[in-house]
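**Student:** The primary structure of each chain is shown beneath.
Number of protein chains: 2
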Amino acid sequence: MIADKMKNMVANSSAIRAMFEEGNRLAGIYGAENVFDFSLGNPNVPAPEAVKNAIIEIVNDTDPVALHGYTNSNCGYAEVRAAVAKSLNERFDTHFEGKNIVMTVGAAGGLNVILKSIINPGDEVIAFAPYFGEYRSYTNNYDGVLVEISPNTVDFQPKLDEFEQKITPKTKAVIVNNPNNPTGVVYSEETIKKLAAIMEAKQKKFGTNIVLISDEPYRELAYDGVEVPYLTKYYDNTVVGYSYSKSLSLPGERIGYLVIPDEMKDSEEVLAAANVATRILGFVNAPTLQQKVVEKCLNEKTDLSFYDRNREDLYNGLKECGFDCIKPQGAFYLFVKSPVSDEKQFCEAAKKYNILIVPGSSFACPGYVRLAYCVSHETIIRSLPKFKELAKEYF
Amino acid sequence: MIADKMKNMVANSSAIRAMFEEGNRLAGIYGAENVFDFSLGNPNVPAPEAVKNAIIEIVNDTDPVALHGYTNSNCGYAEVRAAVAKSLNERFDTHFEGKNIVMTVGAAGGLNVILKSIINPGDEVIAFAPYFGEYRSYTNNYDGVLVEISPNTVDFQPKLDEFEQKITPKTKAVIVNNPNNPTGVVYSEETIKKLAAIMEAKQKKFGTNIVLISDEPYRELAYDGVEVPYLTKYYDNTVVGYSYSKSLSLPGERIGYLVIPDEMKDSEEVLAAANVATRILGFVNAPTLQQKVVEKCLNEKTDLSFYDRNREDLYNGLKECGFDCIKPQGAFYLFVKSPVSDEKQFCEAAKKYNILIVPGSSFACPGYVRLAYCVSHETIIRSLPKFKELAKEYF
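In order, the protein sequence lines correspond to chains A and B.
According to numbering that gives the first Met the number 0, the residues represented by the first sequence are 0 to 394, in order.
According to numbering that gives the first Met the number 0, the residues represented by the second sequence are 0 to 394, in order.
It is worth saying that the hints were derived from the structure and are not from the lab.
Pairs involving identical chains hold if they fit within one copy or between any two copies, as the list cannot separate such chains.
In the EDC-like style, the derived pairs of lysine to aspartate or glutamate whose C-alpha atoms are separated by at most 20 Å in a straight line are:
hint, residue 1, residue 2
1, 51, 62
2, 98, 20
3, 6, 142
4, 6, 268
5, 6, 267
Being a predicted model, the structure only gives us computed values, none of them experimental.
Generate the whole structure from the sequences, applying the supplied hints.
**Tutor:** This is how it looks when you write it as structure tokens:
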């Protein structure tokens, strides 16, 4: 009954489902507090109190016909788009207007909207391993072909030599995720400048337009004072995808945006296409109440200290056990080298200690595992003795 | 820069945009109260007070980490799905369970999810003209081919003879919209029984599975006590798409569901595919706060009397002017015969009286125009003298 394209995905999806059910099964036996689930990127920090206050204020003060109705443009409320643009300009010294902003159903919705807008069947989309596995599905939705750049396991910065070689006349887009899921690495300004220069040269050489898609749901999660470059400033054909899922802890509410700057080639046409794509993909518009909520909460700060403490304690704890891992500067993931080459075996071994982690092959980087440390601090502390026991099997 | 598939759609979309801007321009000149915009299906009835109360109660009483987090299943909260199933069972004597419900980003999101789940490139999807134009885009998203059944302009019930002839071995789905946009007609139980029998026979003949997709955002908007049959009871391979956009006046919040019943062939696999499709299309899950809101508001009744009064007054007013129109029994649209064969000309003429209406060719039924009467009653009353002036140009 189901579509051919879906068959493999349904099979893979069962594996994720199985992990989730394993977590529930273990929690049933040992108690939830004794299961150490590092598998999901679901923030454990509550949304700021300001979100709750904004919701109550908005529903009390706004005409429900206007509040819950369709927005006039599929790109969202004009005043919300203008407020987002203004906030970006203040923070990143950019010069966007409301018209450059498309409110989206999270970053996942935004990435689908921009890919639908620009990808012809057979077009190539480049991603740097390790990368968020959904990029492959999103590209496949529009019959694009995902082209992988192999991982640089020294420091997880992108391999620019290989990148340069793999850009072809069919390359339509390049996706970067900064700070990165699953490594937590932040691509430096130097890296971005080199990457942009390569893309500029290839556009010229092939007479093509190559779009740099910057997927930035973790933008605010950067530690040690590290700067996350704002990519529209380095390369004209840049589209930024953002989500409030991490910064305001609203992943379930599905609210984010795309930035399509004037500097982009045919930007008006791309904006018109994004408007249509938002409609015909069935999003229609980003949820209206949440558009108003983020407008009111643009100046809210993420509680970085929570994640930072988790990062330090988990990173140090794992190093003490003997595990090999680079210290990440962003997001809320650690990407740990598996002590055995088949990291799925290692994930299985971890389960014996009620530790749930994700194999790196899900991110096109076998031999590593991802730990999401967006859990309670208590979970981190209680898990460390278990990691010690696990380590004893290898070191 | 943009994808080839998008080019035509961007061009068409400019026409809708132009109509919207025309409305704004006219409002600027004549005052908003003197512009009669019947072009949009954006309800003018406010969401019930219960929605506001539910929102406030939920944000006050629920842990924000749980409330705004990803749902465990991409299909939505288990308790919300169970509550929706229970409510359907009570109203329609069905026997769904929570697992048969997929919470979606409105009906548009739901239709995309089911089409993504089942359509292979080249598969045919049948729709009965006049139909909601987006069906063509949704089908096209998955490289399906929309096959049109020509309109029956006598009573706008589906032409079943033509339907029977146009089902082929490539037919994968049939979309019905009951009550219908744009005609307001309700397909009777007799019609549905015949339609189901034809589909059963064709499935047998071709050895195929043909899915009946029932798009039902207007289900509760039925007047004169007319019954809207619940299609899963007539045909096993039925998927129902629903939205709370009309019944709770929440179109901008993007909340609805799909029903995938056990009776459907391979229903578990279809449910698994819908779960994956929800994720990879970028919806991820239906907005979580709104899932909780509809759970609390399942027993809210739509204020039918508001739309019914509009229906009566606009229908009678137009008939008095000499316009030809069947009296609709559902939704909030009138489908009026254009007094000239080129209905776009008629739409242009109406603009002179500040009346905005949509040409039937947008619904694959030229020679007619659609009026959405989900406006204020005052708009209806104030528009009638203008319709009289307009009529004088023709009768």
